[in-house]
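Single-letter residue listing:
2 protein chains.
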Amino acid sequence: MKTYTVAILGATGAVGREMLNILEERQFPVENLIPLASGRSAGQAIAFRGETLRVEEAQPDAFRGVDLVLGAADNDTALAMAPAILDAGALFVDNSSAFRMDPTVPLVVPEVNGNDAFQNRGIVANPNCSTIIAVTAIAALNRLSPVRSMIASTYQAVSGAGVAGIAELEAQVKALSTGEKPVCQAFPYQIAYNLIPQIGQEVNQGYTSEEMKMQNEGRRILHLPELTVSCTCVRVPVIRSHSISLNLTFDRAISPEEARQAISTAPGCRLADDLAAGVYPMPLAASNQDLVYVGRIRPDLTNPKGLALWCCGDQIRKGAATNAVQIAQLLCPAE
Amino acid sequence: MKTYTVAILGATGAVGREMLNILEERQFPVENLIPLASGRSAGQAIAFRGETLRVEEAQPDAFRGVDLVLGAADNDTALAMAPAILDAGALFVDNSSAFRMDPTVPLVVPEVNGNDAFQNRGIVANPNCSTIIAVTAIAALNRLSPVRSMIASTYQAVSGAGVAGIAELEAQVKALSTGEKPVCQAFPYQIAYNLIPQIGQEVNQGYTSEEMKMQNEGRRILHLPELTVSCTCVRVPVIRSHSISLNLTFDRAISPEEARQAISTAPGCRLADDLAAGVYPMPLAASNQDLVYVGRIRPDLTNPKGLALWCCGDQIRKGAATNAVQIAQLLCPAE
Chain W
1 MKTYTVAILG
11 ATGAVGREML
21 NILEERQFPV
31 ENLIPLASGR
41 SAGQAIAFRG
51 ETLRVEEAQP
61 DAFRGVDLVL
71 GAADNDTALA
81 MAPAILDAGA
91 LFVDNSSAFR
101 MDPTVPLVVP
111 EVNGNDAFQN
121 RGIVANPNCS
131 TIIAVTAIAA
141 LNRLSPVRSM
151 IASTYQAVSG
161 AGVAGIAELE
171 AQVKALSTGE
181 KPVCQAFPYQ
191 IAYNLIPQIG
201 QEVNQGYTSE
211 EMKMQNEGRR
221 ILHLPELTVS
231 CTCVRVPVIR
241 SHSISLNLTF
251 DRAISPEEAR
261 QAISTAPGCR
271 LADDLAAGVY
281 PMPLAASNQD
291 LVYVGRIRPD
301 LTNPKGLALW
311 CCGDQIRKGA
321 ATNAVQIAQL
331 LCPAE
Chain Y
336 MKTYTVAILG
346 ATGAVGREML
356 NILEERQFPV
366 ENLIPLASGR
376 SAGQAIAFRG
386 ETLRVEEAQP
396 DAFRGVDLVL
406 GAADNDTALA
416 MAPAILDAGA
426 LFVDNSSAFR
436 MDPTVPLVVP
446 EVNGNDAFQN
456 RGIVANPNCS
466 TIIAVTAIAA
476 LNRLSPVRSM
486 IASTYQAVSG
496 AGVAGIAELE
506 AQVKALSTGE
516 KPVCQAFPYQ
526 IAYNLIPQIG
536 QEVNQGYTSE
546 EMKMQNEGRR
556 ILHLPELTVS
566 CTCVRVPVIR
576 SHSISLNLTF
586 DRAISPEEAR
596 QAISTAPGCR
606 LADDLAAGVY
616 PMPLAASNQD
626 LVYVGRIRPD
636 LTNPKGLALW
646 CCGDQIRKGA
656 ATNAVQIAQL
666 LCPAE
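Respectively, the protein sequence lines represent chains W and Y. Residue numbering for the first sequence follows the numbering used here, beginning at 1 and increasing consecutively. Residue numbering for the second sequence follows the numbering used here, beginning at 336 and increasing consecutively.
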């Protein structure tokens, strides 16, 4: 059996911690695990497979002898550390957005375009969380007939802003229950009992960076260079699963029954679609597991070649940590 | 000055109570106010203009001498009481959905199709709350060029399920904070920290009754019999303002700038659209007032004749009570 020395870059954040859980759950063949983080977090204790590890500072010389780096840090850290990771000969599976639009870096959701991962030159990019969930939900439909365009409205959990986002929602709910003024730091406005229709900064004709990822990353993952997407990203007071309302236009009409059939056997998906019985995807049900739940499949009443659907997935797991570990599993086999 | 004897049918619910507030705020020329409710609520005290009134049981003989009935009860009550209201010669402005699709009953949002109200034969229907908010937001755009189709994803507050909905969200948050199991009665599943993508029952090709209202009522209010709408209605853990993500297709292309100009002077609307400055509609800001906030106006990247936008409005006020009182103001002038 082959084993690997694995470093987690950003091991103390929400995604980094979940990567540790998932490596363990999936019995990834880890020889040594090296948790790395900023100098501020160095020295913290982290549990892995029953052992206690100490977080080390992420520095260029930390990657010597490492086979695989799972990146759960910000863009600046990813960019700063990439040369040292490549010099060390390690594979870098990076969850930041730093390399996602680099044409030499594969952008991969294993259930959708796993083969692309093998074209890597040392770096594989993990896509945006909402994009992973949406493309996992629709990949089987795209195989029936190519998706031409997509209108997406997201309902994104506070975990997208990391541990601080989750803590802020919980602290705000608590403050409001005792009549205190809620503190806003992770988000620009109160998120408890509210919605914030801005994630990221404006980059294109009034769309935010987060909204444009659905089109730009979706094109690369689905191999649809002409795909157009109009996305509205909204933060909602939900802990850790993102939900997305999608209206899709295909090359040819796909019936809801045909779509259900395809999704029921699609890798990474769970069909949850029986409205009369109260069965549909919900963030609570989709949390703490790896499948993207898909339901509310019905014709788009505005468009004979359209379908509407609703999907939910755990943002920290399939939307980030699980997808990265799945990529690593493709490229670092145990045998 | 002309004054009116006004009955509120369903005076103890969230909408009925708000109707009392709004009659007072708008100095509606009330001579006598008669709060009516089910036998269960009869005898309860209700405050109006500094006086304490006693709730009476809603029975057919309660409408003698009444000029105006504001209906805030369910469909069965509205249908049961309508003959007695008409016999008494009163005007019935009804917030239930019982008469909304009756071609002899005007369905009115005063800022959009106020003139229709004058065609009444004794009953005017108040539209669905999400529909009121959406059509108020887009009426000025529809005047620039007719809307051909609309894709809508809603983010609906718990107040849509009345006082019980609000109480349930608050009780669930409290229960969860102490590790208790949340009780689900007003909603089929936990709504705290969750989303429920079902409002109403399935009526058409997988769409719910609530979702079809956006098309069916939208057609009548906007005078667009061919309008097609694909709507996804989702309950969110927000107290009392509904939000809607809209993608609209027009007869001709409308630029975001032209749209902003039109909405900035549209009755019933407040333009809140400066993404770089963090200005956009949010449910907290839109609550406890009567305007529909409109922002995030941008081209629909999937469609050269399309626009995307985001709007929020207070579901209990403009989505229900205020709109009904505005209709009454049109038809029951003080002079």
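Please keep in mind that the hints were generated in silico from the structure rather than gathered at the bench. Watch out, some of these pointers could steer you wrong.
[What the hints assert, rightly or not] Here are the simulated DSSO-like pairs of lysine-lysine, each with C-alpha atoms no more than 27 Å apart in a straight line:
#1 K174/W x K516/Y
#2 K516/Y x K305/W
#3 K174/W x K640/Y
#4 K181/W x K640/Y
[As the list claims (entries may be wrong)] Facing chain W, according to a computed beta carbon distance under 8 Å, are these residues of chain Y, among others:
#5 S373
#6 Y490
#7 F522
#8 Q525
#9 Y528
#10 N529
#11 I531
#12 Q533
#13 V538
#14 Y542
#15 S565
#16 V571
#17 M617
#18 N623
#19 R631
#20 D635
[What the hints assert, rightly or not] Sample of chain Y residues with no beta-carbon within 10 Å of chain W, all distances over it, derived:
#21 Q379
#22 A382
#23 G457
#24 S484
#25 Q520
#26 A611
#27 Y615
#28 I632
Glycine included, each C-beta is placed from N, C-alpha and C at the ideal position.
Verification of the supplied hints:
no. : hint            : in the structure
1   : K174/W x K516/Y : holds (17 Å)
2   : K516/Y x K305/W : violated (44 Å)
3   : K174/W x K640/Y : violated (46 Å)
4   : K181/W x K640/Y : violated (44 Å)
5   : S373            : violated (28 Å)
6   : Y490            : holds (6 Å)
7   : F522            : violated (11 Å)
8   : Q525            : holds (6 Å)
9   : Y528            : holds (5 Å)
10  : N529            : holds (5 Å)
11  : I531            : holds (6 Å)
12  : Q533            : holds (6 Å)
13  : V538            : violated (10 Å)
14  : Y542            : holds (6 Å)
15  : S565            : holds (5 Å)
16  : V571            : holds (6 Å)
17  : M617            : holds (6 Å)
18  : N623            : violated (13 Å)
19  : R631            : holds (6 Å)
20  : D635            : holds (5 Å)
21  : Q379            : holds (27 Å)
22  : A382            : holds (24 Å)
23  : G457            : holds (33 Å)
24  : S484            : violated (4 Å)
25  : Q520            : holds (15 Å)
26  : A611            : violated (6 Å)
27  : Y615            : violated (5 Å)
28  : I632            : violated (7 Å)
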